[in-house]
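Listed below, chain by chain, are the residues.
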Amino acid sequence: KQEVTQIPAALSVPEGENLVLNCSFTDSAIYNLQWFRQDPGKGLTSLLLIQSSQREQTSGRLNASLDKSSGRSTLYIAASQPGDSATYLCALEDNTDKLIFGTGTRLQVFP
Amino acid sequence: DTEVTQTPKHLVMGMTNKKSLKCEQHMGHRAMYWYKQKAKKPPELMFVYSYEKLSINESVPSRFSPECPNSSLLNLHLHALQPEDSALYLCASSRVRGLQGYTFGSGTRLTVV
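Sequences listed follow chains A and B, in order.
Following the working numbering, the residues of the first sequence are numbered contiguously, the last one being 111.
Following the working numbering, the residues of the second sequence are numbered contiguously, the last one being 113.
Please keep in mind that the hints were generated in silico from the structure rather than gathered at the bench.
One thing to keep in mind: the hints can contain errors.
[As the list claims (entries may be wrong)] No farther apart than 27 Å at their CA atoms in a straight line, the calculated lysine-lysine pairs in the BS3-like style are these: (1) B:Lys-41 - A:Lys-98; (2) B:Lys-36 - B:Lys-9; (3) A:Lys-98 - B:Lys-36; (4) B:Lys-53 - B:Lys-40.
This one's a predicted model, so the numbers in the text were calculated from it and none came from an experiment.
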């Protein structure tokens, strides 16, 4: 059974720091991996999607990488801002046609 | 249109009420999903519709009844809910096998009193 874990569970940093959020999974047979952002009480906003054949994707200050062989993905946030404060979820789709979520990282960026 | 629209945004209902949650997308996605999310937990899959047919039911109690009238609409009918069913209910859509990822709605915050 696929298990997805995110480390750290919570993170509090001053504005301007570069951050790395980690996502690990136990079964490398995946179709894609998606990073989401969720503000309190709100829906999920898609940040980046990495197909299984890709190694990384970039959007603005965000960069996500995927290493299927080691069962890991990282989300890099450059020059963090208070507006980046949210919960970040990684999720992967496997051959069960389900989206399996990680445990989440709650990020707080203070001025 | 690149959005999934959910209505209502907030719903308070009694344990004897019947209500429905609605979800709509016009991206041509043929897979639609209902998720339930409790506070500080990741979303949990409830139902999957693929080409308007129910393909996955994660052993959800029968007081939750999904319906997919057409490829753009997904409903979740609620009846005789319990207070522990209070949660954020999220709808999502994707192309089958999610080659372009999933798109989520903003959710319905449900409170059962």
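Right, here's what the structure says about each hint:
| no. | hint | result |
| --- | --- | --- |
| 1 | B:Lys-41 - A:Lys-98 | 17 Å, holds |
| 2 | B:Lys-36 - B:Lys-9 | 14 Å, holds |
| 3 | A:Lys-98 - B:Lys-36 | 14 Å, holds |
| 4 | B:Lys-53 - B:Lys-40 | 31 Å, violated |
Going down the numbered hints, you'll see the structure goes against just number 4.
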